[in-house]
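Student: Residues per chain are reported as follows:
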Amino acid sequence: MLSWLQHRWIGLWLLLMALGALMLFFYGFFPLKYHSGKLARMDDLPNFIDGVSIDGQEVYNAGENSVVLMVIDGLRYDFASEEYMPFTGELLKNKSACIYVSVAEPPTVTMPRIKAMMTGSISTFADVALNFGAPAVRGDSVLRVASVRGRRSVLYGDDTWLRLFPGLWAEYDGTTSFYVTDYTEVDNNVTRHLDKVLTPDDDKEPTFDFLVLHYLGLDHIGHLEGARSPKIKPKLIEMDEVVKKIYIAMQTWDRTGVLIVCGDHGMRDAGGHGGATPAEVLIPLVVVKSGDFQCPHPRGPGPTVKQVDVATTVAWLLRAPPPGDSAGRVLPALLPADTRQHLYLLHALAAHCARHGLPTDTEFYKQFKRAEKQFAQYLATGQMSAAKIAKEFYDESLEAMSKYLTETTGEFDLFAISFATILLYIIAASLLCATLYSLQPDIRKPSTHHQPSTASLFVAFMIMFIIFSGVLVISCFITETKSQFCSFDPLWSIAFFGTVFALTVVYFVIKTGIETITDMSALRDLNAIDYLLIGGTLFHSWSFFGTSFIEEEHMTWYFFWNTLMFFVLIRTIVVIVMYFSKRLSRATEIQEKPELEQRMSSVGISILPKWVILIALHRYLRTMNQTGDRWLFLPDTADWLNAPENVFYLQAHLIIGTLSTLGICLWNVRHMNNSVHIHTALTIAAACSILCYRIAAGALDSPFPILKTWDTVTIVNIFWGILIAQLIYEILTYVGIFKNCGCSPNQNVNKFEYKKPKAKSEDYFYEPMDEPWNIDDVKLSLARSLSHIILNDLMLIIILLMRPHNVIMVPSVIATCSLTSKCLDHRLLDSRPGRGKDIADLISQTLVHIWIGMVFFFYQGNSNSLASVDLGAGYVGLSEYCAVRVGARMGLHAYAAPALAAAALHCRLARTHQWKRYLASVWRVSNIYALHRVYTLAVYCVVAVVFRHHLFVWSVFSPKLLYDFVATVFSIQALTTIAQIVLLTSLTSWLARIFTYKSTL
Amino acid sequence: MFSLNHQLELKKIAVSSLITCIYLPSIVTVISYKGILYSIGKSSSFYVLVLIFIAELLKSFYLNSNVQTKKYKGNRNRAGDIVKAFVFLLGVIFCFFVGIILFGAPVLESHDETLMLSTLLTLLTVFPLIALTGVEASMQLLFGVKNFSRDTVIEMLVNNALLTVCGAWLGAVVIPLDWNTPWQQWPIPCYLGAIGGYVFSNVLSVVKITMMSAANKYPVLNFFVSVLNKFNLSK
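Protein chains in written order, with this note's numbering: chain X, 1 to 1001; chain S, 1 to 235.
Since the hints were derived computationally from the structure, they do not count as laboratory data.
Every clue listed holds true.
Beta-carbon label-pair distances, calculated as ranges: (1) Y33/S with R583/X: 48 to 56 Å; (2) I706/X with L177/S: 50 to 58 Å; (3) V87/S with L538/X: 39 to 47 Å; (4) W179/S with K95/X: 42 to 50 Å; (5) S44/S with L666/X: 51 to 59 Å; (6) N229/S with F539/X: 23 to 31 Å; (7) Q185/S with D442/X: 54 to 62 Å.
Chain S residues, not near chain X, derived (Cβ > 12 Å throughout): (8) A14; (9) V48; (10) F61; (11) P182; (12) K217; (13) P219; (14) L221.
On a predicted model such as this, the values are computed, not experimentally measured, just so you know.
Glycine included, C-beta positions come from ideal geometry on N, C-alpha and C.
Please put together the full structure from these sequences, using the hints given.
Tutor: The following block contains the structure:
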């Protein structure tokens, strides 16, 4: 099994296993939609109140109503004021409309909110992940009960509704919700139907019973420009016009019309949503009724209701029973004035809630029973006092019931969760073994006479496999878990034995690791800064036991990063001052201590001012985007830059960022096969197309007005074409195609040519045939050039995706990486003269690049809340929605900094001079990377398990889990890319063997 | 760290550290008793700095008071030295000021508070060194050019300085927490952290010296002395 430990991609394989374990954890932690499958029927309505008979169906009847539900995506509470929506404000003022503060449950994302409004039950957190997929609702919903009762439902707007409730609409026109850069056309597509649908037929009856209008424009403006954008006001006035139109049309109908205007979720000032801040959770709900409707509530902000109340209210208005899983109430303003009907409605809802399997020994259940008695007494005797008491009791018990129901919807699969956590820990342990093994200075080949045969290894493996599966099966039965994981149906069995397999592999890795790790001398070279790096990384994961450290994770990283910069600053100052004082005072000593001279000459005196400038740069970048939770509202530099009067500075940032990125790219080109300056030309062309895109997108002014009219999609397509051409050209040169074609573009740059070293050619007799060729050198230079191409392409793509003010981040990441790697060099910092400290160097380099990635991740404005994910970046250069492309762009944009730092690290590794050394360092670094990732995951899973009943579990802990999941996927992607590069070098050299050898031999 | 060779120096260190352990906590106690602890970072609390300045100056006179004065200073022009030291201190305050801002203090507002903090740091770290040895020597000491392993007094001062900076640095940890307490205002945690680090370092010195003298009788205590030596950052 030693070969496993020595395998070059063991980190990658173990990381894949960790991803599987994480998925198992997710399965247990985020139960998919809990629904009882209960479908509501009219017969469910109670016909006896404590023994007194009553005709349920007749009393429940709300009369003929046409309901218009107007959902304005992203309408937060302060938008429904007279300032933004004058007509609505007027209605509220003269009390012909009621406003409520409606509370949405996190995650505040559109699809779960629609589900909550239509099914009346709280959706689970897993819905966020499915937000893009939107599978059909299988439980009960308002639309199902309405269509069973023969009501006509009509939808105009977001097509999420169509995907959630297919086949329940009499008429519809969906608009796609994901194309966020468009905010006029989406709304016009809704409004154009209004005239037709609002016109009543000949009997003055409207043509529908339930009309849903879902306007997306406001949310899109929020995503693009934030809640303080000047475009918000005209959009809300447009919405106000729609309200007015519907209100006027409702007065002409013969039937009662009810208009409910609400948002599905709010928005932050920055424009995102998904979290649990008041700006996202509190949304207005305006109820307008035709006829002489008078709002019973006093003027003001209005009472607080739950968002799920919409379901019950609409169902009741449509004379349909409340949907099976609903836990809401009817909006107070719409409750019937008739006492008997009013009480019956309360009773029906309370009885409906009680049927969800509430415990009968609770106070609210007893209250419900008491209310029922009072109601029966009222029915029998007609005492108004009894009715009054009954009403109070019903209200109290209903409130407690719906609170209870919303809090207990989620159930965790504890068996899967704990097993997955243990598995993650074991994987982390095995990665630790693999990493420590790889950190041994020289790894001896296993002595051959100890080597057991393959068959015996296989038998050992099978025995352990059987033992582990036995243990797991027994633990399944002992814990008597109801988990699907232990259900042993065919599909789950695959997962079950897959995990057992993983467990066995990991067991053997740990076992071999413990047996073979002997030489830990490399760790003795670590200096104080290395210990800071390691300790900080280890501590950071444990800091998540405090919720505010999750919300304010950036603070932890900033603090660590500051400490690191401070340490390095002190060390550099000490080294430089020592050097100078010795040089000035006693000139002889400098000759006695050549290593001091050597240390200095590797960096030069300019390192100190550079480092101070770097600190200042970081200080500036930290103010660029306020992130986290507590200080999010503070104005930041990005706000200032985006103000219309500061457009010059914004463009300056954009141009400086783009041009310095171009400069770095051109500097990197020297590592490629830059014959006839083809790569230079292509890079410049790509940068130009980015600038053209910026001009066409309106972010940049230009002296040539023609540029503004160019199509952004075409420009971005050209950009992709350039990048792909660059990559293909590079590989083709290596294969040696051009030489065969007769033109040899790389005459003067002969470093990539296959050639025989002259000295070796003499004694060819002793060497195998392909040995004299410098294959390893060529492989290394191909790997080097590919990694630099990838770094360049990443930088260019990311400055294409970034917001204008964030473009400056890209060159800053690279500058930080290169300067920090220079300063952390052990030869510079250690006072003892160093022997080979490559391994200690590798550890510190890897960790510091991880840190840089995380620090810039937060500089860029990301946080551990879903609201900070930038949806706008997903649509750069796309004309229509395509889940994969949009997802990839959004992910790359969010994780831009960690990706860049990792790519920079890989380039640094590829700049060595030996192929073997490159492979060894890649092996070590990928192990450290994987170890860090799995360690973080394992610790965080424990945090999530410990806090699973915490108040913030859905608003703070779960989004962080999703972020960790995405980070894991990206780590796997990064390691796979490196593996592909190595594979590609082998492939190319194989191809070259076919093409070039024969032609030149 | 400390050797027993210089009994006189040890006595001096013990006395001066004891004085510090008494006067700094009593200043803080009096202030908090008056209920103005949370105004400590503001410019209205300048008198604290003046008190610390006087106390440190007296301490340095005490430390300098013996034969060894000659060891640190030659016969030079006192007035010129004082002016030079003053200018140098201003420079150090400015460096601290810029450094604190670079490491995350507010840029555009609360300059007063940042200035108070940097003055405090200067008073606790560089000022005692300068008062003891003069400008040039202290600069050389700070950057590790001159070796001070023989000199216990200076070793204590450098250790004090390092722990003070560490205390201020660690004080910043509490600022982002969501406890919403009044003392999380900038720069109170760092200010108190610096004072805390300084007092802690002095307590360490006192304890160590006590232990060392007691270790003659009870050799068990040597273990604790070696543990305490681990706290010594100046090596």
